[in-house]
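Chain order of the listed sequences is A and B. Note that my numbering has the first sequence beginning at 1, numbered continuously upward. Note that my numbering has the second sequence beginning at 1001, numbered continuously upward.
In short, the hints are calculated from the structure, not lab data. Being a predicted model, the structure only gives us computed values, none of them experimental. Ideal Cβ positions, reconstructed from N, Cα and C, are used throughout, including at glycine. Be aware that a few hints might be false.
Stated by the list, open to error - Cut-off 30 Å, straight-line C-alpha distance, at most; resulting in silico cross-link-like pairs (DSS-like, lysine-lysine): (1) B/K1049 with A/K213; (2) A/K235 with B/K1049; (3) A/K179 with A/K285; (4) A/K161 with A/K179; (5) A/K147 with B/K1072; (6) B/K1031 with A/K208.
As the list claims (entries may be wrong) - Example chain B residues on the side facing chain A (calculated, C-beta under 8 Å, incomplete): (7) C1086; (8) V1094; (9) V1132.
Chain by chain, the residues run as shown.
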Amino acid sequence: MNYATAKWLVGMVFAAIAVLIGYSLPHGDPHPQSVPAKDTLAKTDENFRPPDEAEIPDNQFGEMVRLGEQIFRDTGAHAGQFVGNDLKCTNCHIDGGRLPNSAPLWAAYVAFPTYRSKNKHVNTFAERMQGCFRFSMNGKAPPYGDKILVALESYAYFLAKDAPVGGEMKGRGYPELPKAAGLDYAHGKQVYEKNCAVCHGQNGQGQKDQAGKVVFPPLWGARSYNWGAGMSSIKNASAFIKANMPFSQGNTLSDQDAWDVATYVDSQERPQDPRFEGSIADTRKKHHESPLDMYGMTVDGKVLGENSPPSGTVK
Amino acid sequence: MAGLPADYIVRQLANFENGDRSNGLMHEIAKALDENERKAVADYYSHMKAPRVETYTGTSAQQIAQGRGLAKQGDWNQGVPPCSQCHGLEGEGVGGTFPRLAAQSAGYLEKQLLDWKKGDRTGDPLNLMTGVASKLDDTEIAAVAAYYASLSGDKPPVEATP
């Protein structure tokens, strides 16, 4: 018997003892009917429903949850020292991270720690959020233990109340689209002008109010997500767009329209990949080698990545 | 109309003429105006200051709170986005497409939402408002109209940045 097997056996014995002790304790729930079975969620087609805001407790933990929600909904205003563009968490995680199929926080929270091929090691939830700041927010990663990360993690934990840790969550991430027969940039431009430009602007610049507050997020250019962000992959962008865009009209574009408009958006210049390896070619080879990633490809006679604004432009 | 974007007013006149907005009186008036006259009248109104509503007493605090919830958070369980997402945080309006809601009369806002719901008003970009209004019940429509009517309209309209 090797060491691993021994450890496993010891674990099993302890688990068995725990179960026996559990059964020998009195089961005093006076309202057993009102408690749904633990596996109800897995057996139904219902989406997980995170708790209402009113359930945030009035104590120090609740304060941290509220701060997390504020950061999530207005990231530049509450975590500006780590944000280098005009985006907010809730732009890509709609309804403050509550909406299914819009990468909801409650599903993400219970999916960590996990191995990620992006950085080839096991990531905690905190490290995953650092990635959001570094790439999607074109900013800087808050250090471990920073209040910003603590608040966001508290908010995610609150939303995930009663979600199964490590379990399958319906509505997690963005639903992946069936593979496209091809990607059509010119058609994507038409789809963009017809469906997206009214809010995001003809040149993807978004719209701001007079106080400089962003109303519609920029989709490319210096103030959008950088080349290291998940959304710069056509695979992710098409899935997000299909399920969630135009805003309030998710699932109205055809799959092909979603693929093509994602191709158009992700064929525009945006801030440099912060993992830049010294050359566009090497950076593509190491981080972007996919037909669904336009970094380093030539579009309209220009190599994407060559004219990128700088990454990590925190004020 | 005071303070609404000129582009928006010009587009509404076109919608009255082509029937996207159903109103017999405005249909005749719009038809009688040529392009230059439409631009001139739109320009005139767009430069007026939005009225300031000192008090709005048409409704209960509870109704306003319900309206505020819809305006700021929406009701995503029904697929309803928050109004503020497109019309500005305080309903100031954004660019030439998303008009000011703050300090509009509750009766006007309520009628517009009901018209969209019934199909009596169309011509909105991407049918965005038709989609939203169709997901609201009459109580919610009244509440959100009351909420915006309760806001003061003295915030300047929001210009789109180039």
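- When the hints from earlier in the document are held up against this structure, which numbers fail? Of the numbered hints, 2, 4 and 6 do not hold.
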